[in-house]
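Heads up: the sequence lines are chains A and B, in that order.
According to numbering that gives the first Met the number 0, the first sequence is numbered sequentially starting from 0.
According to numbering that gives the first Met the number 0, the second sequence is numbered sequentially starting from 0.
None of the hints are false.
Okay, derived cross-link-like pairs now, BS3-like style, lysine-lysine, Cα gap no bigger than 30 Å in a straight line:
# : chain 1 : residue 1 : chain 2 : residue 2
1 : B       : K335      : B       : K376
2 : B       : K337      : A       : K9
3 : B       : K326      : B       : K337
4 : B       : K337      : A       : K244
5 : A       : K45       : B       : K9
6 : A       : K335      : B       : K247
7 : A       : K234      : B       : K337
8 : B       : K376      : A       : K9
9 : A       : K237      : B       : K335
With the Cβ distance kept under 10 Å, some of the chain A side facing chain B (calculated, not the full set):
#  : residue
10 : I281
11 : A283
12 : T286
13 : K326
14 : Y327
15 : E331
16 : K335
17 : I343
18 : M355
19 : E384
Keep in mind the hints are simulated off the structure, nothing from the lab.
Quantities reported herein were computed from a predicted structural model and do not represent experimental measurements.
Yeah, the Cβ is synthetic: ideal placement off N, Cα and C, and Gly gets one too.
There are 2 protein chains.
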Amino acid sequence: MVNYFSSDFKLGILGGGQLGKMLLYETRKYDVQTYVIDPSEEAPCKIAANYFQTGDLMDYQTVLEFGRKVDVLTFEIEAVNISALKQLESEGIKVFPSSKTLDKIHNKAIQKQFYTDQNIPTAPFKSFASKTEFMNAVNSGEVNLPTVWKSATGGYDGRGVMVLKTKADINEILEGECIAEELVPFKNELAVIVARNPSGEVATYPVVEMEFHPTANQVEYVVCPARIESTVADKARKVAEEVSKAYKHVGLLAVEMFQTKDDEIIVNEVAPRPHNSGHYSIEASYTNQFEQHLRAILDLPLGDTSSKVGGIMVNLSGAENHSGPVKYSNIEKIMKMKGVTPHIYGKKITRPFRKMGHVTIVNEDLAEARKIAQEVKNTIQVISE
Amino acid sequence: MVNYFSSDFKLGILGGGQLGKMLLYETRKYDVQTYVIDPSEEAPCKIAANYFQTGDLMDYQTVLEFGRKVDVLTFEIEAVNISALKQLESEGIKVFPSSKTLDKIHNKAIQKQFYTDQNIPTAPFKSFASKTEFMNAVNSGEVNLPTVWKSATGGYDGRGVMVLKTKADINEILEGECIAEELVPFKNELAVIVARNPSGEVATYPVVEMEFHPTANQVEYVVCPARIESTVADKARKVAEEVSKAYKHVGLLAVEMFQTKDDEIIVNEVAPRPHNSGHYSIEASYTNQFEQHLRAILDLPLGDTSSKVGGIMVNLSGAENHSGPVKYSNIEKIMKMKGVTPHIYGKKITRPFRKMGHVTIVNEDLAEARKIAQEVKNTIQVISE
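Chain A with its partners taken away, still in its complex shape (with noise of 0.2 Å):
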């Protein structure tokens, strides 16, 4: 086995975000070295890394020369120059994720098609080349709203998703690619991360469940395990699993799902990395996503997925009207309540709905924890000093 403890050994890792930071106290933990690229002075990557350099990740040169330092490359984020990801595995780089399963994912057009090219249940879906091609089939009546329209390219953490209603909404889409989507009503928002290492031992997360706001149409909470039947979560971790094999990554797959109201599971997306919908691991699990990921992209045994208590996402961003320097406005407060624990991703300034950290709320009692995860959401708050 290759030697990756207080070694030489070199993991390089495409963006310097929130998901890198958290990376990073696992290879802290293994003391295995780590290359971090992103393109901010200001990355939260900055320290724990052994190696941090700015840069532009959708730039081949960039991109080709910072793989080339390194022994096992991998990414926190999607959006890098996959044709520099295709030329490092040339020169015999170890790229986890692969470019080629990346190919089938940047693009959601493609990642759609790949699902019904492997019978994997998807939402039915037509694709354009641009926002005019798009605009022309509402109007033909070859897609009838609503429908969901998701911009094939740049989406993320549901930037460039619209579920459009009436025609005035289609001024509100962006130019380009994009795919219009048949509206299936859901019960539930389901994920489950899946670990597969180069060896091919795969293994599953519990189901987790995005709980919404009842009348914004947004995430509130992420809870682990799901709350329902049993017999639809085994269905979901296996559908989970067959998307798996289907891609043959390495490293995490984050499988998006809906449980539809007959009880059906259908894929929405997925993410081939570390996932906001696997925060919770953190404190709950035997081994957190973070880890599992490192273990699974150096090809070492998996970690135990199963969770010793509940566990409740509750992500922290920029409250409406502020914009400046970050305060965490009664972050004591929730100090003082049982098994919280809080994470500042380490972004100075805030702004809007942008994403500055999470809150992790554990309980042996689940239901306990979603009080208190109520709590949490109605005491603190990210303002501006």
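With chain A held as given, fit chain B onto it using these hints.
This is chain B only, laid out in the frame that chain A set:
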């Protein structure tokens, strides 16, 4: 409240070893700015601190100038220049634990006298200004063998402690101030970590048990919770809380105790910082000892000290007859075992008995964890290539 999170606030840490490194996981999680000083260029804290410098922690001017750069100063090792801490306190810099606390701890003769003055149960002892004075006391019969010899200062992780059975053993002891402690036969060696913040909030962790090797006089496992009667555990926590009150410390205080044959609890010694006996808490507790230390010294609310699951800690020490670049032989095998987490401190060179890391084994069933801990101990080896 002071805004510690993503702010200009600066926390200083004297010492950049493994305790500091694990404390930095928590300062990163809260995005608290850190300044670290350590004698070694190779210190495990060199990365992940916002600012790192080398320097002699026993040098007055070095500690003074370093301390003036920060708002709150703490340490991960007691061997620091206390006069400099006093000067810093007089200049209004917060030093936690305070120089007053450290004064009563850093010298074992003074520490033992303090327990006697405070009516805290401890083994009978006599103190001596020099090795010669001590030898005279043995020869005159003032001290009877067997006795426990302890160097008054510089004792750390068992160094500077010896059980003297015959007069010949005395040749082995070090020069300088020392104490002779009555050899008290005990059932168990226990420890309790107590956290206290400036507001006076106090929290004790569950009692842990050091399990010794049946023949070699060496701790093999730290077991939480200790496998003792609840009445004894309650007594141990109560004694630890009394010690904490007596010291009026701020931060963590690890209280090492003996359970005597007749179930009395007597105090052995204390450490005013995160402690080896609390490493299990990273995986097992709702609030790990490093986060708790940070909460305490920043006068934030203390976290829940209870455990999610049973925890056992095994130290990873350098194997005998191995010196040189470290290799963790069979680490991939122990990573296959349930609930096993290796912590690699990042020291590049191994030496016989050098503390290179630790492994935590967590499980709902403590007996099962203990079984796996044994497998871990029989499997992994810290060798040189």
